[in-house]
Amino acid sequence: MPRSLLPAVIGFEWRYQTRRLTFAASAALLALVPFATVATGFGPPSLAVNSPYIIVETTALLTLVSVFVLPLLCIGAAVRDDEYRMRELIGATPVSPGALLGGRLVGVVLAGGLLQLLAMAALAALPFAVAVPDGRVAPFRLLPYAWSMLVFVLPNLLLCTALLYVIAAWSRSTLATFVASIGIYCGYFVTALMVDSPLMAGTRPPTPELLARVAVLDPFGLSAFFEQSRYWTPDERSSRLPALTGHLLLNRALVLAASGLLLVPLHWLDRRARHRSLTRAVARARQALRPESAQATDTPTMATPLSPRERVTPSPAAWWRTSGAALRLEVALLAQSWPLRALLVLWAAVMAIEAFGQLGGGEYGTRLLASSAVMADAVPTALWLVGTLSAHYFASEVVWRERSLRFDGIRDATPVASTSLLVGKLGALLLPVALTVVGFGTAMAVHVVAGGLPVEWRVYGAHVATSLVPLFVTTLLAVALQLLAGNRWLGLFVGLLLAYVAKDGATLGLEHPLLRFGAAPTLRWSDLDGFGAPLASFVAWQALWALGALVLVGLAAALWPRGAVSPWLERLRALPDAARRTLTPHGRMALGGAALLFVAAYGTMAHRTIVVTGWQSQADDVAWRAAYERAYRRLAGTPQPVIVHADLHIALEPELRRATFRTALVLENRTAQAIDTLWVMPSRDATDVTVSVADATPRRDARFGVVRLALAHPLAAGARDTLHVSFTLDRGGVRADDFAQDIAANGTFVRSMTFLPTLGYQPRHELPADEAELRAQHALGVATPTLLPAAASDSLMAIVRARGTEPSWLTVHTTVSTSEDQVAIAPGDLVREWRERGRRFFTYHLDTPGTPVLAVASGRYDVVRRVHDGLTVELYHHQPHGVQAERIVEIAASSVQRLQQHFGAYPHRTLRVVEIPASWGFGAFATTGALFLTESRGMLADAREGDVDLLLRRIGHEVAHQWWGHAVDPLPLEGSLVLVESLAKYGEQLLMEHDHGPDAVLDMLSYDADRYLAGRAESPTLEPTLATVRDEAWMYYGKGTLAFHALRASLGDSALLGALRTLLEREGGTHGAATVTQFVEALRAAAPDDEVRADVDEWFTDRILWDMAADSTAPASAVRTPRGVHIRAQFRVTRRRTDSTGEYAVSADGRRVDVAIVDGVLETPRTLARLRVPVTDGVARVDTVLRGVSPRDAVSLAVLIDPALRHIEQNRSDNRVEIGVPAGASAAGSRNRR
Amino acid sequence: MTTSATTTGATRLTLRDVTRTYPNGVRALRGVSLDIGPGLYGLLGPNGAGKSSLMRTIATLQPMDAGRITFDGRDILDDVTAHRARLGYLPQDFGVYPGLSALVLLDHLAQLKGLAERRTRRAQVEALLQQVNLWEHRHRAVSGYSGGMRQRFGIAQALLGDPQLLIVDEPTAGLDPAERSRFYNLLSAVGDQVVVILSTHIVEDVRQLCRRMAIIVDGEVRCEGIPDELVGELDGRVWTRTVERHAAPPRLDGQLLSTTLHAGTTRLRVLAEAAPDAASVTTEPTLDDVYFRVTGAVID
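In order, the protein sequences belong to chains W and F.
Residues in the first sequence are numbered consecutively from 2, following the working numbering.
Residues in the second sequence are numbered consecutively from 4, following the working numbering.
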């Protein structure tokens, strides 16, 4: 029996692949990934860079990057026989096609595996070889690396290799294989966006159902990993590996199965490809044998000499003609390219998924109205990714096409100018045009199908333009790089590297865009303000890079290789001669001029974006903060007056994105001692600053902007003085980054933290406490706490009582001028409005002191004004967004009415709702008497459907802040935000329940629970309690919400509201001194028994997670009796406490838990019974007789533990057990199903 | 190296000391000097001799490290575009764009050659397609042509724009005798004033077609002249000796040119001033003998 040739094929393939330059380059590229992650301290600060969680996550990154490296291996294996015309030689040997295919595939997998292994080795070694930020390095453990390799890397490698190899073998096309790799990445992109992959920032939290679905389907297994580890604490992430069970196991099995299935048709596809070649060869041969191809005369027709004899005459007109001919041919060839067509189809499918996903992209499962802005926003990120990759791949294909076809000799021997050929290659620009048109066209089609707001062509047009320009630059650069590099793969690598650096180079220390070719600000559209302040910078940066790309294209023209490609250095040395030969004198002048212009533009941008705008790198900022603390921390605790009244004169110039502020601030000394020095600090980016007070000489610290005013006559205790501050804020012009959005062309929103100066030392300018290593490097001690510890509440309250007032509420008189077509909004009542010199003026008075959280707005608004029971509700909205205007006004008015019933009278005559641009990161913001709603997170919510009524939530929450935050302004202590944000969430619950019922509240709470659990998992430090919470939003928005929901049930609404009203009465207003400690005491006092008090303590002062699950050892049963159906069920109930010693079990004995028995059949189950069941020995036993059940019919019931979400659990899927009750009088139905 | 003067017509193409060494150290051309006039000029040489390198250098597709090449008195590097405008080049092996017909592709190449005016360009394209007998297949994709048809297309594109210098690099490799014959007929119709440089392995083709020839070995011109004259130099000096196949080869004085098998015997051809031995018989020299003498190759 002949010896198998398979080992020989495998061995050859291995040697061939691993000895190529592309293999070495691929290994280097993959090694960059661990280098970048380790050197930049990838992952949360609480985890070591070599913790199991980070290892798995980094491995995932490696897998994604390798998708672009594997095509090189697969193409080499599958295509080279045809490319180098070895197929006949190989085919004439005794090796079977199967052995050849299979052996090469194995060789590719081995080579790919070696690449991954090398990268993993780098990942393992680098933490001990490079400086890791904050010293986040754990002792080495082999298991996480081995586990990741076996569970993630190898199956993913098999799947990707199988798919790419099949495509390569069938198509025999390099380009088609690259398109397939883009397709793989697109598939991942879609699933990642659906489940808020940590590797794809800025998306929405997924539902458990969605997580489960995608966990099974994600080809890279990452979603299954994230599903398991979503709620893991830092300790767990530092020690645990995911379990190869459940969805992860299923996913890996599917991936392996898919890999195998993909290879099934490989032999057949390869045979078809060979048959295609053979068929063509036979056709050619037969053609040669056909009688008509034999010549009637063997001699040429001398009667028809070559005439007319036309000579070639170079001329400018000829250049245009030949350039046009070259371009037309290139475009035609590209348009015929089936890989391009396949890419466009794939792209359209991805865009359709994205666009539909965009409609469901509202928070809490709500849908958004299809508007042009919403739909167009679905395209740019994906377009950049796919467009950039495609541009470089296609450029490599287009530029080297003639050499691949061996047509270059003929072409290069013609007199056509190299510049004409280059113009032809710029036909590759067809690609970004096609991708952009298909992308936005698909989004628009979805828009039309989905309905919603009318299509706005200018919005789509603006998106098309701003997406297309960078892609044009990328394509120009890609073509130039291919020609300059003189090597297809080198050009591709350099191009992809530049693209990566342009996008993420800041993480590698290249912060300024000048260091990253192609970098430009990311644009985000607002229907109010367009692309906003960053647009001017975007245009400037893109113009700079376009000029640079054109210079490179010009150089490429000069260095165009006609004939043999000389080594790069040799070509460079020959550049002057080459330029002389290739370019006309005008061309050389133009190239030189363009190069000079680029240098000049580069210098201008450097000056503007560094010197003029005062750009600071991160290191500069750190140094600034450290220096500020060293210089001024000595002033901490130094008495300073507070602002009790502000006279503001604000001149807004929206078109210029500029505003001038003139403020007269009445200061009052509320301390017990005289103040002889004022330390005033206006906004850091203010210009033309003047600060003055009578009888004081200002001295300004230019570096920090702090103005010292030594008072000739110290300000006595209780005395007042007036401080005058004026300055300008200029948000326009070209910048590197850090674009402020407050002063907009339409939709200005400026807050008091910007226009009111601060007095005294400001801890917020320090390096934060969690940057301990940075602080140590700068010899700084412990950071100033932003909030005092809860334990200081007694002493702080004593100070307040002694002083009479705290905090510093103020009255405000504002005169704001703006463009004639805009409306300005400021705190208080509108007292006057007039027009003057083509501008519009408004004067507002807030004469009742309010919290020092103020805002001024201006925009081209439509105003809807309604009066409800003496309350005027005004809505200022962008005209096209008025579809929900009436509803918004109705919700605002009714929210005030209902919350008044619970919390007491609303303190103002007016409530304003103002729409602001989408560029703000929050959903809404409340000031005294006003709330500001962002267009993208409320105004465009589709009220027709959705799990949660987002508008009611948003508006209700902000209205609730009129009491919680603006009536009660807690002392600056830990836990204070519970009294602001958690109570505002409580207000939401009251409103939601009133309008939509208790089930709607539960839907809402599931998101808040997820927020808490996910935040807890990411927290670098021990989770605080609600009583000690500082700025952990996931605590006061997440756990705080759940706490008040639970306490409503255990305390009862009456007691809870009673405690809140008492708090408002005692601590509301300017003399208030509310603390969470005090509030918790009030709740405890209101508790009817120890169990409820234990509840209060558990929520506010403890860290407890519950775990309740149906007990599989005691199956549930339902037996018909004469009295009804006797139901028995049992649930295991445990609790875990976390404190500074770690996490440990705590008994739940003695506590009672809610149990509900529901009709299990209906889509919205009907509750048949509710019980409170005690926990004994860790078990909650249900033993009850259910009456009212049909005596004859079969019934399906379910027993649920904690149906109302009164306790926090990580896994609630096992809280339910189903029982079937058979038909009949006394049949014993006993079935325990989960 | 050898220089020469043309005996038929003035020299149009002059090569002086053309030298090229590749980056990997291979010396492809070592001081090649030739004077080439109108008509067919043959280049012979073994594989790797430097023929294609020389062709590409003349076509300005490859730089030279030293030397000078002039055509009609002008250095070809002074104005490469002008030189290419007068050049027709058919490389040894070439591919074509897939899916494009001969008419479309030839028209495109005509445009690249600067034939601007559409009607005259079209007329030339059509005339050439007829000339090379591809008119019936003009709408078919060139990528689907047989080898012979593809070579005819190649010569058609090389003839675009009325070139004055035509370079054809081993154009008949892989063609059957009939196609080879047709191809040479086309070349012959090019015109007497055009310089045609033809490289080939087929020695007899050079003798029949070319007015002058050169033999290049290891980048050097070893021999140059009129084929018949070069053969004539060997008159009376070429001997044949027949040996039984399995017999030991005899010791012969002279240069062994070739050994060939013929009907079970081995025929030796030897270059010597006198009969190498008693059994040797004088024979008429051929151009192959000239080739083997120059290259030192021996066919066993």
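Don't take each hint at face value.
Claimed, not checked - Short, incomplete list of chain W residues facing chain F, as computed with Cβ under 7 Å:
#, residue
1, Arg322
2, Thr323
3, Ala326
4, Arg407
5, Ala565
6, Val566
7, Pro568
8, Ala580
9, Arg582
10, Pro586
11, Met590
Quick caveat, the hints were computed from the structure, so don't treat them as lab data.
Where a beta carbon is used, it is the ideal one built from N, C-alpha and C, also for glycine.
With chain F as the partner, please determine if Ala326/W meets the hint condition of a C-beta pair closer than 7 Å. 4 Å, holds
Any CB of chain F closer than 7 Å to the CB of Thr323/W? Hint holds; Thr323/W Cβ to chain F Cβ min 6 Å, cut 7 Å.
Min Cβ distance, Ala565/W to chain F: is it shorter than 7 Å? Holds. Min distance 5 Å.
Take the shortest C-beta to C-beta distance between Arg582/W and chain F; is it under 7 Å? This interface hint holds because 5 Å falls under the 7 Å limit.
Given hint Met590/W near chain F, where the shortest CB pair must fall under 7 Å: 18 Å, violated
Checking hints one by one. Is Ala580/W an interface residue toward chain F, by the C-beta closer than 7 Å rule? Constraint on Ala580/W not satisfied, violated at 13 Å.
Using 7 Å as the Cβ threshold, decide whether Pro586/W counts as touching chain F. With Cβ-Cβ at 13 Å, over 7 Å, it is violated.
Does the interface hint hold: is Pro568/W within less than 7 Å of chain F, judged Cβ to Cβ? With a closest approach of 6 Å, the Pro568/W hint holds.
Minimum Cβ distance from Arg322/W to chain F below 7 Å? For Arg322/W, the interface hint holds, since the closest Cβ of chain F sits about 5 Å away, which is under 7 Å.
Can the hint on Arg407/W be confirmed by a CB-to-CB distance to chain F that is less than 7 Å? Holds - the Cβ of Arg407/W comes within 7 Å of chain F, reaching about 4 Å at its closest.
Given Val566/W as an interface hint, is the shortest Cβ-Cβ distance to chain F below 7 Å? 10 Å, violated
Of the hints listed earlier, those the structure fails to meet are numbers 6, 8, 10, 11, in rising order.
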